[in-house]
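So you can see what is in the structure, the chains are spelled out below.
Number of protein chains: 2
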Amino acid sequence: MSHKESPLNPLKAQEESLSQVYEGLKSLNLNLDITRGKPCSDQLDLSVELDGILAGNYTSRQGIDCRNYGGLDGLQEAREIGSWLLDAPTEEIIVGSNSSLTFMYQYISQAHHHGLEGDHSAWNQLEGGVRFLCPTPGYDRHFSICEHLGIEMIPVGMTGTGPDMDQIEALLQADPSIRGLWCVPKYSNPTGDIYSDETIQRIANLGKLAASDFRIFWDNAYSVHDLTDQPANIADIRHLSLQAGTESNLVQFASTSKITFAGAGISFLSSTKENLKIFTDHLSYRSIGPDKVNQLRHARFFTQQQQLTSHMKKHAAIIKPKFTRVLELLDSELGDQTGSTWTRPEGGYFISFNTRPGLAKEVVKLCAEAGVKLTPAGASFPYGKDPKNSNIRLAPTLPTIDELDQAIRVFVVCVKLATARSSH
Amino acid sequence: MSHKESPLNPLKAQEESLSQVYEGLKSLNLNLDITRGKPCSDQLDLSVELDGILAGNYTSRQGIDCRNYGGLDGLQEAREIGSWLLDAPTEEIIVGSNSSLTFMYQYISQAHHHGLEGDHSAWNQLEGGVRFLCPTPGYDRHFSICEHLGIEMIPVGMTGTGPDMDQIEALLQADPSIRGLWCVPKYSNPTGDIYSDETIQRIANLGKLAASDFRIFWDNAYSVHDLTDQPANIADIRHLSLQAGTESNLVQFASTSKITFAGAGISFLSSTKENLKIFTDHLSYRSIGPDKVNQLRHARFFTQQQQLTSHMKKHAAIIKPKFTRVLELLDSELGDQTGSTWTRPEGGYFISFNTRPGLAKEVVKLCAEAGVKLTPAGASFPYGKDPKNSNIRLAPTLPTIDELDQAIRVFVVCVKLATARSSH
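Line by line, the protein sequences are chains A and B.
Numbered per the numbering used here, the first sequence spans residues 1 to 424.
Numbered per the numbering used here, the second sequence spans residues 425 to 848.
One or more of the hints may lead you astray.
As the list claims (entries may be wrong) - To list a few chain A residues with every Cβ distance to chain B over 10 Å, as calculated: (1) L44; (2) D73; (3) S97; (4) R131; (5) T272; (6) I288.
To be verified - Straight-line C-alpha distance at most 27 Å; calculated DSS-like pairs for lysine-lysine: (7) A:K277 / B:K809; (8) B:K812 / B:K797; (9) B:K789 / B:K450; (10) B:K789 / B:K809; (11) B:K701 / A:K385; (12) A:K26 / A:K277; (13) A:K361 / A:K388; (14) A:K385 / A:K361; (15) B:K789 / A:K373; (16) B:K744 / B:K797; (17) B:K789 / B:K436; (18) A:K277 / B:K797.
If you're looking for bench data, these hints aren't it; they were derived computationally from the structure.
Yeah, the Cβ is synthetic: ideal placement off N, Cα and C, and Gly gets one too.
When you get a sec, could you build the whole thing from the sequences and use the hints?
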């Protein structure tokens with residue numbers, strides 16, 4: 001009896017068969033990319049009227065010629081869009097240029113190098129360093145700001161209803177060097193967690209346990225990015241903070257990057273008037289003011305909150321079928337065969353996938369070799385280190401549904417193959 | 425003989441008469457502002473086609489959808505505009521958002537907090553501090569960046585053909601803590617100096633005398649902002665630096681703020697490819713990329729250098745009569761009566777006026793009380809301190825010619841009155 005005819009054990013046979021399927025997929029020379037939470041061109045087309053919307057009228061409601069210098073705080077009518085996104089009055093909102101990430105970096109870099117409470121309050125002068133609490137998995141660009149500035153990150157688990165508040169409260173009480181907590185409260189990146197009312201109430205109370213210049217970085221990036229007809233309403237963090245007397249510990253962020261144009265939207269920062277004053281005083285050294293013309297375009301595009309709401313329904317109509325397709329394929333092709341789990345988000349931009357512990361890097365590598373680019377394993381963790389090597393962030397919005405279908409079919413084969421290979 | 429009838433000495437009589445004229449002007453309750461170098465609305469109207477110029481086509485020449493994320497370096501076609509302004513190849517140019525000041529701040533803040541040559545090269549770690557050479561009078565916002573970051577400023581005189589190079593070379597050789605030199609090489613703010621070929625050659629050689637991370641901040645803000653038909657061509661600093669082997673010491677800046685829209689233009693930074701790589705590596709932590717849509721608008725607006733040239737002639741046609749009116753009034757109303765002097769710029773945005781030593785603050789105060797707002801005396805000097813209390817920066821572009829005429833008529837009375845009062 002030759003070697004070829006020898007009976008294989010069933011697991012080994014399955015692995016061989018998967019390997020053959022995988023080799024077949026590789027031969028297709030695919031070139032697909034589901035790495036980043038980018039809107040697709042159909043979504044961008046929804047805002048195509050922005051360029052030209054001014055029709056030669058560059059004057060704001062308050063009579064400002066938006067083409068000229070000045071106005072560090074942003075236009076009044078643009079602040080109103082911010083107030084819809086962040087549930088804060090316009091006098092507690094400033095409007096920036098095309099990236100709320102820039103606002104976050106500026107706020108933290110200012111606190112780190114200059115301090116929030118005058119001379120000698122710079123975080124980088126704290127003996128023993130400064131630390132941030134980082135719910136994980138989370139947004140990689142939050143973490144890279146910390147890493148760049150030398151702020152030590154302490155990972156905190158996610159529970160399905162937001163971060164583990166027992167852990168956060170215990171850490172804050174034990175460690176006086178903690179100055180920040182990252183939060184994406186609605187459709188958290190990448191887990192899709194919607195923070196529960198209890199979680200948000202406990203977050204609003206954190207200021208009582210922390211240093212006076214502790215800040216909650218409330219990145220409400222997906223506040224109107226719903227995929228369901230009955231979207232969640234999260235608790236009002238600003239209101240709860242005011243009740244708790246901790247409002248100065250709260251800094252909120254939002255942008256229109258995933259509402260209008262990803263690279264050419266407008267951004268918002270909200271905090272107490274005192275906090276805004278300190279922030280804009282610093283900002284004045286580095287900016288001649290934001291692009292008010294683009295702010296005016298946005299204000300003319302969304303004159304009423306209802307227009308924003310219906311605009312977001314058009315986004316959902318484009319991307320929900322993509323989420324549905326991914327979930328259908330994961331359900332039908334993987335089911336519970338591999339021990340993998342995944343989220344079923346009601347909004348936002350991601351599906352968070354967990355392989356069996358130890359397999360994420362291998363799956364990402366197998367996909368890459370088959371022409372399907374995934375976010376690097378570990379990217380959603382501080383320092384890029386997923387202790388379980390299990391989490392993979394899937395971003396369904398950018399590809400066409402056919403590309404996405406192909407990419408996920410490759411992905412499930414890679415998950416099965418990595419799982420099979422690890423099972424002996 | 426009553427007091428009223430007593431014969432006054434001639435100087436006293438002149439002062440009394442000027443006081444009466446001044447009181448008369450005060451009673452007009454003027455509200456005029458010639459503080460800042462802002463373009464007027466006629467100038468802004470020259471670029472009114474920018475909004476809408478894309479006509480729905482948001483795709484760059486290289487096929488990039490400019491609406492989406494990414495492209496930290498800026499669009500290729502926008503870099504070409506930068507190459508016209510800065511005489512550098514497009515691969516040595518990156519394009520940013522609406523403010524070259526932001527690029528300057530980011531570059532210096534990065535060098536200060538993180539260093540330009542890897543770990544431990546941060547300027548803020550230099551024992552004994554870090555210093556910049558500041559030709560004065562100069563641009564207040566350059567100086568405020570230094571002040572904000574705690575960089576000590578060493579004033580250097582201006583000669584009429586650029587900064588005093590003897591002084592600069594001697595200082596650089598004597599003080600190893602110097603890391604920067606501010607330059608506005610053409611129509612320097614506020615003196616209007618056009619750096620001579622010899623000055624620029626000597627600046628290009630400075631890298632040989634300085635620390636390897638010494639940088640020349642070459643803010644070519646007015647490179648195409650000529651007021652004459654035969655505009656000056658300054659020497660090519662990049663070329664001279666390459667010849668001297670000092671190209672890594674040079675960082676150039678420009679923007680379209682005073683070409684298209686002051687608050688909604690695009691900005692440029694140019695340096696060696698190695699320097700750009702280090703800069704953009706840091707930039708990636710704070711930005712999702714510049715507003716490429718606005719870059720594309722600018723590239724569609726200026727498809728050829730000739731369009732930019734003729735566009736700038738239209739600017740000159742609007743603002744040159746304003747400069748002429750100011751100079752006519754100063755000549756006819758002051759002449760050499762008061763010992764004051766002023767510049768006759770061939771481009772740029774300012775006339776630099778010098779009272780007799782000791783009078784600038786008083787003139788600015790008298791003007792303010794008569795409803796004419798001037799830039800605070802001393803604003804063009806490091807720490808706001810003009811050692812001679814003599815310099816006043818006049819900015820003729822923003823007001824209408826009638827407003828400007830009124831403002832300068834008040835100004836000359838204030839100069840005469842302050843001079844008369846100081847003469848006894």
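Verification of the supplied hints:
no., hint, result
1, L44, "violated (4 Å)"
2, D73, "holds (13 Å)"
3, S97, "violated (6 Å)"
4, R131, "holds (18 Å)"
5, T272, "holds (23 Å)"
6, I288, "violated (5 Å)"
7, A:K277 / B:K809, "holds (26 Å)"
8, B:K812 / B:K797, "holds (21 Å)"
9, B:K789 / B:K450, "holds (12 Å)"
10, B:K789 / B:K809, "holds (16 Å)"
11, B:K701 / A:K385, "holds (26 Å)"
12, A:K26 / A:K277, "violated (56 Å)"
13, A:K361 / A:K388, "holds (10 Å)"
14, A:K385 / A:K361, "holds (11 Å)"
15, B:K789 / A:K373, "violated (65 Å)"
16, B:K744 / B:K797, "holds (21 Å)"
17, B:K789 / B:K436, "holds (21 Å)"
18, A:K277 / B:K797, "holds (25 Å)"
Of the numbered hints stated above, those contradicted by the structure are hints 1, 3, 6, 12 and 15, listed in ascending order.
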